[in-house]
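Participant: What follows is each chain in one-letter form.
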Amino acid sequence: MATVRLSFSPAPVHVRTARLVGVAVARRAGVREDLLDEVRLAIGEACTRAVALHRQYGLSEPVLVEMSDSGAYAVRVVDRAPIEAGIGLAALDADQLANESLDEDDLTTGVGFALLAGFVEDLQVRPVDDGIGTEVRMVWPVAR
Amino acid sequence: MELSLATRTVGEHTVLEVGGEVDVYTAPRLRERLLELIDGGVRHVVVDLGRVDFLDSTGLGVLVGALKRLRTADGTFALVCDKEPLLKIFRITALDQVFPLHRTVEAATGAGK
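Chains as they are written, first to last, in our numbering: chain A, -14 to 129; chain B, 884 to 996.
Keep in mind that the hints were calculated from the coordinates and are not lab data.
Treat the hints loosely; a few may be bogus.
[Claimed, not checked] Partial chain B-side listing against chain A, Cβ under 10 Å, derived:
id, residue
1, VAL898
2, GLY902
3, GLU904
4, ASP906
5, THR909
6, ARG934
7, PHE937
8, LEU938
9, THR941
10, LEU970
11, ILE972
12, ARG974
[Stated by the list, open to error] Here are the in silico distance ranges between beta carbons for each label pair:
id, chain 1, residue 1, chain 2, residue 2, range
13, B, GLU915, A, ALA128, 40 to 50 Å
14, B, GLY924, A, THR(-12), 49 to 59 Å
15, A, PRO67, B, ALA889, 23 to 33 Å
16, B, GLU885, A, SER(-8), 18 to 28 Å
17, B, GLU895, A, ARG40, 33 to 43 Å
18, B, LEU970, A, PRO67, 12 to 22 Å
[What the hints assert, rightly or not] Listed below are several chain B residues computed to face chain A (Cβ distance under 8 Å; list not exhaustive):
id, residue
19, LEU886
20, LEU888
21, THR890
22, THR892
23, VAL893
24, TYR908
25, ALA956
26, GLY958
27, ASP965
28, PRO968
29, VAL988
From the three backbone atoms N, C-alpha and C, an ideal C-beta is built for every residue, glycine too.
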């Protein structure tokens, strides 16, 4: 079982780094090549969400990304924002997306959740076990 | 890969060619360029995603923002995309029902007016 942990200050510029590391570890873990684009997008969305929450709440604590390949490729992205901010996957439908009154941030959040739910079959969003925050847990099968 | 942005004119359309990665870090530059064009009086915009390797929800939010802005200004907004991974993103988010999506710039400038 190999675990790679990455923690980064909540700045948009670091999300790309998290994506690159996440895909590199996925490839090494044996995730199918044709799933890697989805892994990259999902890790990016989860990290973008965490960064947005930290910035919204003025939190300077790092965002944690933990990748492990014990049996499957599991990625946890942990934020430290109040729980009520982060739980619940509310994808928007086409009418809501085109709604003139929906602002760009809300739209981006809705679209981000739609992408996570659409690309990750095994997805959980839940409170962290220790302290304040939520974790997005995503699992992909590996070929062994 | 960094974001690249280039504009050209095709008839009455302004085509914005986007390349590289559009994400939470680079999307503000795309938003800024689109606003510059629209505020400068451009009313028919085609965004060519042909050289985009990565597009996330932040980038999609910027594109929807431009679409809405142009609609309220009696303009048009269309996308050019023929890459299956990106098209899948539009389908999953239902944004394929929101944007006029074309396979080629020719189709977008001919049909999008």
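Participant: Against this structure, judge whether each hint is valid.
Facilitator: To see whether the hints hold, each was checked on the structure:
1. VAL898: violated, 23 Å
2. GLY902: Interface hint status for B/GLY902: violated (15 Å vs cutoff 10 Å).
3. GLU904: Hint holds; B/GLU904 Cβ to chain A Cβ min 7 Å, cut 10 Å.
4. ASP906: This interface hint holds because 6 Å falls under the 10 Å limit.
5. THR909: holds, 9 Å
6. ARG934: violated, 16 Å
7. PHE937: holds, 7 Å
8. LEU938: Hint holds; B/LEU938 Cβ to chain A Cβ min 8 Å, cut 10 Å.
9. THR941: holds, 5 Å
10. LEU970: violated, 12 Å
11. ILE972: Cβ of B/ILE972 sits 7 Å from chain A, so the hint holds.
12. ARG974: holds, 9 Å
13. B/GLU915 - A/ALA128: 40 to 50 Å: holds, 43 Å
14. B/GLY924 - A/THR(-12): 49 to 59 Å: holds, 54 Å
15. A/PRO67 - B/ALA889: 23 to 33 Å: Violated: the Cβ-Cβ distance is about 42 Å, outside 23 to 33 Å.
16. B/GLU885 - A/SER(-8): 18 to 28 Å: Cβ of B/GLU885 to Cβ of A/SER(-8): about 25 Å, so the range 18 to 28 Å holds.
17. B/GLU895 - A/ARG40: 33 to 43 Å: holds, 40 Å
18. B/LEU970 - A/PRO67: 12 to 22 Å: Violated - the Cβ-Cβ distance for B/LEU970 and A/PRO67, about 37 Å, lies outside 12 to 22 Å.
19. LEU886: violated, 11 Å
20. LEU888: Cβ of B/LEU888 sits 18 Å from chain A, so the hint is violated.
21. THR890: This interface hint is violated because 22 Å lies over the 8 Å limit.
22. THR892: Hint on B/THR892: violated, closest Cβ of chain A at ~27 Å, above 8 Å.
23. VAL893: violated, 26 Å
24. TYR908: At 4 Å from the nearest chain A Cβ, B/TYR908 passes the 8 Å test, so the hint holds.
25. ALA956: violated, 12 Å
26. GLY958: violated, 14 Å
27. ASP965: With Cβ-Cβ at 16 Å, over 8 Å, it is violated.
28. PRO968: holds, 5 Å
29. VAL988: violated, 24 Å
The structure does not agree with the numbered hints 1, 2, 6, 10, 15, 18, 19, 20, 21, 22, 23, 25, 26, 27, 29 stated previously, though it agrees with the rest.
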